[in-house]
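Participant: Protein chains in written order, with the working numbering: chain U, 158 to 270; chain Y, 158 to 270; chain R, 158 to 270; chain C, 158 to 270.
Heads up, a few of these hints could be off.
Copies of the same chain are indistinguishable here, so a pair counts whether it falls within one copy or spans any two.
As the list claims (entries may be wrong) - In the DSSO-like style, the derived pairs of lysine-lysine whose C-alpha atoms are separated by at most 27 Å in a straight line are: (1) K215 / K263; (2) K245 / K198; (3) K245 / K208; (4) K259 / K245; (5) K215 / K259.
Everything labelled a hint here was simulated from the structure, so no lab data went into it.
4 protein chains.
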Amino acid sequence: MKEIVRKFSAERDWDQFHNAKDLAVGIATEASELLEIFRFKSENEVEAMLKNPKSAKKIKDELADVFYFALRFAQKYDIDISTALRTKIEANARRYPIGKAKGSNKKYTEFGP
Amino acid sequence: MKEIVRKFSAERDWDQFHNAKDLAVGIATEASELLEIFRFKSENEVEAMLKNPKSAKKIKDELADVFYFALRFAQKYDIDISTALRTKIEANARRYPIGKAKGSNKKYTEFGP
Amino acid sequence: MKEIVRKFSAERDWDQFHNAKDLAVGIATEASELLEIFRFKSENEVEAMLKNPKSAKKIKDELADVFYFALRFAQKYDIDISTALRTKIEANARRYPIGKAKGSNKKYTEFGP
Amino acid sequence: MKEIVRKFSAERDWDQFHNAKDLAVGIATEASELLEIFRFKSENEVEAMLKNPKSAKKIKDELADVFYFALRFAQKYDIDISTALRTKIEANARRYPIGKAKGSNKKYTEFGP
Numbered sequence: 158m159k160e161i162v163r164k165f166s167a168e169r170d171w172d173q174f175h176n177a178k179d180l181a182v183g184i185a186t187e188a189s190e191l192l193e194i195f196r197f198k199s200e201n202e203v204e205a206m207l208k209n210p211k212s213a214k215k216i217k218d219e220l221a222d223v224f225y226f227a228l229r230f231a232q233k234y235d236i237d238i239s240t241a242l243r244t245k246i247e248a249n250a251r252r253y254p255i256g257k258a259k260g261s262n263k264k265y266t267e268f269g270p
Numbered sequence: 158m159k160e161i162v163r164k165f166s167a168e169r170d171w172d173q174f175h176n177a178k179d180l181a182v183g184i185a186t187e188a189s190e191l192l193e194i195f196r197f198k199s200e201n202e203v204e205a206m207l208k209n210p211k212s213a214k215k216i217k218d219e220l221a222d223v224f225y226f227a228l229r230f231a232q233k234y235d236i237d238i239s240t241a242l243r244t245k246i247e248a249n250a251r252r253y254p255i256g257k258a259k260g261s262n263k264k265y266t267e268f269g270p
Numbered sequence: 158m159k160e161i162v163r164k165f166s167a168e169r170d171w172d173q174f175h176n177a178k179d180l181a182v183g184i185a186t187e188a189s190e191l192l193e194i195f196r197f198k199s200e201n202e203v204e205a206m207l208k209n210p211k212s213a214k215k216i217k218d219e220l221a222d223v224f225y226f227a228l229r230f231a232q233k234y235d236i237d238i239s240t241a242l243r244t245k246i247e248a249n250a251r252r253y254p255i256g257k258a259k260g261s262n263k264k265y266t267e268f269g270p
Numbered sequence: 158m159k160e161i162v163r164k165f166s167a168e169r170d171w172d173q174f175h176n177a178k179d180l181a182v183g184i185a186t187e188a189s190e191l192l193e194i195f196r197f198k199s200e201n202e203v204e205a206m207l208k209n210p211k212s213a214k215k216i217k218d219e220l221a222d223v224f225y226f227a228l229r230f231a232q233k234y235d236i237d238i239s240t241a242l243r244t245k246i247e248a249n250a251r252r253y254p255i256g257k258a259k260g261s262n263k264k265y266t267e268f269g270p
């Protein structure tokens, strides 16, 4: 997938604009467009949107835009996503041990001793 | 990677919190944490941060958090990321034809006829 | 309030960093920190957080950070907030006429004819 | 300004949708729309946009949307913005003492002893 993303940008000579800061802006603004779809909607309405083909298409498109910029960031700065994810999940497993985190929506900083 | 993410959440019984809206909040807030690293930093400073092992580690961690929630969204709502990305890239290729988009940072809505 | 914000920045010689793009990054990242407080929390939990002095303090602090950067943007680029708000509210009143918008969470693009 | 915002929402019976979490989503998504205007633009291009009446209007409109939701949050949850801002600025003045912060874009956590 990184290759698709790289090729699309290279063909358009967009390397000059795709610095790390603007790519981070890209990820954040696309994530926000995904979130905006659900603004002021109840959980039931959101579930209905995921089942409706037209709104489901819009949701997938916005999620794809997030992946586009996130993959482009990883590709441009040579980040192995699989390794980065595993490393972070292991750190999170220490922060959120199953015994404390199971069934809880507390942030790790809120756990008691 | 979807499987790692699914397992981590399942072991902690977090399905009840991981609805689409909160996962979108998750993606947006983590994307913002990545962006926050670059706040008020010049392009040169950002490049230096990417080369410094300590700040590079932080950048990778925040990018991994974005992938965590984006993958979790895709896994939970059965979205094939590869297909969604290809579909969106094709749409973008029509919006940004090479002839008009090459070397340009204009939004497609700003292209002339 | 603009004067407090201007003075705080001027004393620290921060004009050089406070360009429009980074101030927009400032607003977005602080808004995201406010939102992050409510991540994975139910409506009842959020209401309880607003009543609890400790979490209410955190909420106020993050909202203040949003105002800090939004006011700084307006101050630095000479935007009259009151006028800008009135103008936008009038435009929104046309987009969301009471007859169509009352009691509805639809976006104006979703209204029928 | 809080009164304008309150009245606009009350006339449309939007209290039911304007809970704290969705208002925070409102602030964050509007802040992101402001930021999106500057995506992939250089500092010179951003300055030119602020001088161009058409793009300046768009910038003001998006900033107004941020204020709309931020004011609505403050109005609905009885937060005195002026007090919240002063309190936060005082805390920031301790985090960023002039001696250390002057002319620096470091985060307070990066200051040496």
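Participant: Given a CA cutoff of 27 Å, do K245 and K208 count as a within-copy pair, a between-copy pair, both, or neither?
Facilitator: For K245 and K208, the Cα distance is within 27 Å only across copies (19 Å; inside one copy 32 Å).
Participant: One pair to classify: K215 and K259, alpha carbons no more than 27 Å apart. Within, between, both, or neither?
Facilitator: between (33 Å within a copy, 26 Å between copies)
Participant: Reference check for the pair K259 and K245, CA-CA at most 27 Å: within, between, both, or neither?
Facilitator: Within. Shortest intra-copy distance 19 Å satisfies the 27 Å Cα cut-off; inter-copy 35 Å does not.
Participant: State whether the alpha carbon distance between K245 and K198 is at most 27 Å within one copy, between copies, both, or neither.
Facilitator: Classified as between; 23 Å across copies, 31 Å inside a copy.
Participant: When no copy is named, should K215 and K263 be tagged within, between, both, or neither for a Cα gap of at most 27 Å?
Facilitator: between (31 Å within a copy, 16 Å between copies)
Hint violations for this structure: none, all hints satisfied.
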